[in-house]
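Taking the hints into account, I'd like the entire structure generated from these sequences.
Just so we're aligned: the sequence shown equals residues 3 to 185 in the working numbering.
Rather than coming from a laboratory, the hints here were simulated on the basis of the structure.
Ideal Cβ positions, reconstructed from N, Cα and C, are used throughout, including at glycine.
Hints should not be assumed to be uniformly reliable.
[To be verified] Restraint-style ranges between C-beta atoms, simulated for each label pair: (1) V33 - G66: 37 to 45 Å; (2) R28 - K103: 19 to 27 Å; (3) A13 - K95: 28 to 36 Å; (4) R40 - K7: 25 to 33 Å; (5) R36 - R67: 31 to 39 Å; (6) V122 - S93: 31 to 39 Å; (7) G66 - A17: 31 to 39 Å; (8) R28 - T65: 35 to 43 Å; (9) T65 - R115: 38 to 46 Å; (10) K137 - D25: 35 to 43 Å; (11) R28 - K137: 32 to 40 Å; (12) T65 - D118: 32 to 40 Å.
[Unchecked claim] Keeping only pairs whose Cα atoms sit at most 30 Å apart, straight-line, the calculated DSS-like set for lysine-lysine is: (13) K81 - K39; (14) K39 - K27; (15) K140 - K114; (16) K100 - K45.
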Amino acid sequence: MTDLKTAPNTASVAAYLDAIGDDEKRAAARVLLRMMKRVTGDKPKMWGTSIVGFGTYHYRYATGREGDWMLTGFSARAKNLTVYVPAGFASLKPLLRKLGKHAVAKSCLYMKRLADVDLVVLEQIVTRGVAQARKMNKAVKVKAGAGAKAGAGAGAKAGAKAGAGAKAGAGAGAKAGAGAKAG
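And the structure:
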């Protein structure tokens, strides 16, 4: 398995936040930090050099490639604030319509400013995205466990189904891989 470019590390989240040059973006990043800590119950961790991630879930592609990725996270980029929703946005479209000014691509939600969006709706999006990722994580573990008990042939089928399930589950596996390469 190829190592992901974007992986959790021991870099300081506080140092990352303090280094954000734009005062408004730094304040927005602190709002996102508090929101995601509340939603996930997890401590923030740096992923790569510029993503603050929370929690992890396990994904598996139909090809058998697998790995761990953050449940959610954010980055204060030069052009925008990026919120990562690895489970994707397929089931979140009604909430996205209520959010305010934003753009989405794969598993990324882009906002120029937090003032442009409804923070209550944003928290609902993050909460549902985290719940979906946790549900997919359980599905991968259950299917992997069932395959191990049933034997090698059944295990291969379970792995393929888990990978397909991850893709069908709003594209988590594909999204995680794409997000990892982009970091």
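Status of the hints after comparison with the structure:
Under the hint 37 to 45 Å, the C-beta atoms of V33 and G66, about 39 Å apart, fit the expected range. Restraint check, R28 to K103: a C-beta distance of roughly 20 Å satisfies the suggested window 19 to 27 Å. Our hint of 28 to 36 Å for A13 and K95 holds, since their Cβ atoms are close to 35 Å apart. In this structure the supplied range 25 to 33 Å holds for R40 paired with K7, their Cβ-Cβ distance being about 29 Å.
Distance hint for R36 and R67: a CB-CB separation of about 34 Å, consistent with the stated range 31 to 39 Å. Restraint check, V122 to S93: a C-beta distance of roughly 18 Å breaks the suggested window 31 to 39 Å. Range check, G66 to A17: Cβ separation about 37 Å, and the 31 to 39 Å hint holds. Restraint check, R28 to T65: a C-beta distance of roughly 40 Å satisfies the suggested window 35 to 43 Å.
The hint said 38 to 46 Å for the Cβ distance between T65 and R115, and at roughly 39 Å that hint holds. Under the hint 35 to 43 Å, the C-beta atoms of K137 and D25, about 38 Å apart, fit the expected range. Restraint check, R28 to K137: a C-beta distance of roughly 33 Å satisfies the suggested window 32 to 40 Å. Checked against the given bound of 32 to 40 Å, the beta carbons of T65 and D118, roughly 39 Å apart, stay inside it.
At most 30 Å may separate the alpha-carbon atoms for a hinted pair to count; K81 and K39 meet this at roughly 24 Å. Restraint check for K39 and K27: satisfied, since their Cα atoms lie roughly 18 Å apart, inside the 30 Å limit. For the hint linking K140 to K114, the alpha-carbon distance of about 34 Å lies beyond 30 Å, and the restraint is violated. Between K100 and K45 the alpha-carbon distance is near 29 Å, which keeps this suggested pair within the 30 Å criterion.
Consistency note: the structure conflicts with the earlier hints numbered 6 and 15.
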